[in-house]
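Put together the whole structure using the sequences plus the hints.
First to last, the sequence lines map onto chains A and C. When you line the first sequence up against numbering that gives the first Met the number 0, it's residues 0 to 332, in that order. When you line the second sequence up against numbering that gives the first Met the number 0, it's residues 0 to 332, in that order.
These are computed hints drawn from the structure, not numbers from a lab. It should be emphasised that the depicted structure is a prediction, and the values quoted were computed from it without experimental measurement. Mixed in with the good hints there might be a few duds.
What the hints assert, rightly or not - Quick list of in silico lysine-lysine cross-link-like pairs, DSBU-like style, CA-CA up to 35 Å:
#, chain 1, residue 1, chain 2, residue 2
1, A, Lys182, C, Lys182
2, C, Lys307, C, Lys291
3, C, Lys63, A, Lys279
4, C, Lys182, C, Lys165
5, C, Lys291, A, Lys214
6, A, Lys191, C, Lys214
7, A, Lys279, C, Lys65
To be verified - Residues from chain C shown here face chain A by an in silico Cβ test under 7 Å; the list is partial:
#, residue
8, Gly222
9, Val236
10, Ile287
We treat Cβ as the ideally placed atom computed from N, Cα and C, and that holds for glycine.
Protein chains: 2
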Amino acid sequence: MRIPYSDICKMLSTILIGKGMDEVDARLSSRLFADASRDGVYTHGLNRFPLFVSYIDRGFVDVKAKAECESRIGIVERWNGNNGPGNLNAYRAMERAIGLSHDNAIGVVALRNNNHWMRAGNYGLEAAENGCIGLTWTNAMPNMPAWGARDARIGNNPLVISIPYKDTPVLVDIAMSMFSYGKLEQYSMEGKECPVDGGFDDEGRLTRNPDAIRKTRELLPMGYWKGSSLAIALDLVVSLVSGGRTTRDIGELEVETGVSQFFMAIDLSLFPDKPQMESKIERTLSFIDSSKPRNEGICVHYPGEGMKRIREESMRSGVYVADSVWAKIEALL
Amino acid sequence: MRIPYSDICKMLSTILIGKGMDEVDARLSSRLFADASRDGVYTHGLNRFPLFVSYIDRGFVDVKAKAECESRIGIVERWNGNNGPGNLNAYRAMERAIGLSHDNAIGVVALRNNNHWMRAGNYGLEAAENGCIGLTWTNAMPNMPAWGARDARIGNNPLVISIPYKDTPVLVDIAMSMFSYGKLEQYSMEGKECPVDGGFDDEGRLTRNPDAIRKTRELLPMGYWKGSSLAIALDLVVSLVSGGRTTRDIGELEVETGVSQFFMAIDLSLFPDKPQMESKIERTLSFIDSSKPRNEGICVHYPGEGMKRIREESMRSGVYVADSVWAKIEALL
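Spelled out as structure tokens, the structure:
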């Protein structure tokens with residue numbers, strides 16, 4: 000079904016206020032969930048809202064808790080998320096990084112004790128919509144085997160880079176696993192194979208079968224040893240700079256909570272060549288878009304271009320929500 | 000053959016001085032080439048030295064030129080490499096980023112007009128050996144098709160993250176292509192297949208055959224669309240922040256020169272929990288190393304662990320250099 004964006008925001012907001020969240024926070028948190036689905040990231044948008052609410056009910060997410068600055072080291076601020084709502088804490092950490100970048104061209108906030116931030120790309124968009132390059136990542140519970148291993152001891156640690164560009168930023172939002180569990184579940188529901196190998200089956204063979212991978216939980220890192228190495232380094236950097244938990248530490252908790260996150264903004268408006276930047280970006284993007292396609296009739300796109308089309312359709316015809324997901328959300332009222 | 004590290008440094012230094020480089024620079028540049036081979040990165044160490052010298056002879060690399068600071072925006076310094084030797088410029092840009100990080104916890108230098116920096120990992124090691132986390136990347140000429148494309152319009156844009164750890168840092172040094180041309184050439188010479196798909200053959204099928212890929216020049220991005228997107232974003236960020244050339248712009252030059260690079264250092268010594276950091280890193284690395292291996296008898300390693308073993312062997316028994324490579328270098332005397 001398709002539901003108007005503003006109706007979704009109202010519905011989620013009402014539910015969150017019912018759970019004790021204050022009104023301003025509920026509006027922002029709801030918008031962040033709605034934005035994810037609006038842009039086609041259903042797995043970390045409305046699909047995940049019922050789980051988020053269950054984490055409030057079970058006491059893992061404290062709706063009243065706010066992130067706060069604990070210390071400042073040089074230009075780096077260390078914040079404590081106090082196990083508040085993950086998307087609100089992350090939004091406010093990036094907001095502060097953007098604010099700091101107005102003074103120093105670069106702003107950095109390292110956040111510990113946060114809950115799952117839902118869609119990573121939201122905080123990249125936030126930076127870009129404020130005229131900043133955004134660079135942000137999170138660690139996660141152990142959910143992927145390191146390259147050469149069978150048991151999950153590293154996180155898929157999503158990484159985001161965003162660049163302001165016209166009305167829709169260039170946005171890279173990638174987990175270090177080839178596919179997230181949410182994406183595997185989606186392929187299963189649609190009766191599809193993964194487009195490329197996504198993990199190992201129970202005989203240790205690489206497979207595209209989403210059910211086989213969900214059974215073994217042996218996800219393939221993107222680029223094999225490359226994504227594995229990157230995931231390990233991102234975890235170490237974020238936990239050292241924030242003073243927060245490593246993936247290993249998170250694995251000792253009952254559920255995935257208390258993660259560590261890094262937010263960096265670069266304020267392009269301070270650069271003297273800012274007026275030339277849009278055309279510089281445009282030259283690169285149009286060069287890529289006019290590549291010779293591998294398969295005739297299939298266009299080559301830059302990162303964020305697909306999102307732009309889905310977003311326009313969502314705002315025109317309503318945001319797509321699976322019937323079963325909407326039913327679950329209505330039941331939370 | 001195996002040659003003592005110090006003999007290699009002396010030999011390369013003598014050649015560079017003969018090309019007009021001053022003595023201090025020649026010693027540093029030679030050491031950086033030798034370090035790459037010492038650590039097992041032969042493709043960007045001694046194997047590439049003859050090409051570097053030919054670029055001096057042809058006037059692309061100006062041995063007398065030095066990188067210099069052009070402007071400062073907040074804490075970001077913009078440097079111009081003036082087409083000097085790529086490894087010297089990069090080393091000094093990271094040196095400055097490290098210096099800046101002592102004041103602000105974070106130091107950033109964006110460098111334009113540089114030549115190829117050879118082994119990317121050297122500048123990550125430089126940061127880590129000075130107690131800093133290092134984050135650095137470069138753009139490159141168009142040498143890889145974007146995902147879904149056939150013609151090379153994006154760069155493989157190597158990315159480095161380093162973390163200080165005991166005597167050998169944790170080091171990730173990855174190009175956005177699954178394999179570099181140097182690596183494909185090495186597999187060809189050894190009569191080996193790539194361990195995983197590395198590109199497309201002339202019928203558009205994914206292949207592990209290094210010669211087929213070298214023929215089409217249709218490299219596969221690591222993680223398919225993920226490495227492709229990351230390469231595009233890294234190119235935009237580095238060219239905007241440095242005010243330098245994009246991959247597209249570099250493609251208009253006669254050879255790969257005038258690239259843009261980003262250097263960031265985070266000084267961990269300023270953080271109050273510095274004394275606990277080594278054991279925090281150790282807990283994560285030993286957790287990963289004790290993973291259940293996919294293939295019995297094959298250990299799981301953290302990034303940089305393999306390098307450490309090769310480095311120790313090089314310092315004990317001499318640095319490995321292919322006979323043909325050493326013959327070419329001797330001919331440059």
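Hints the structure violates: just list their numbers, smallest first. Result: no hint breaks.
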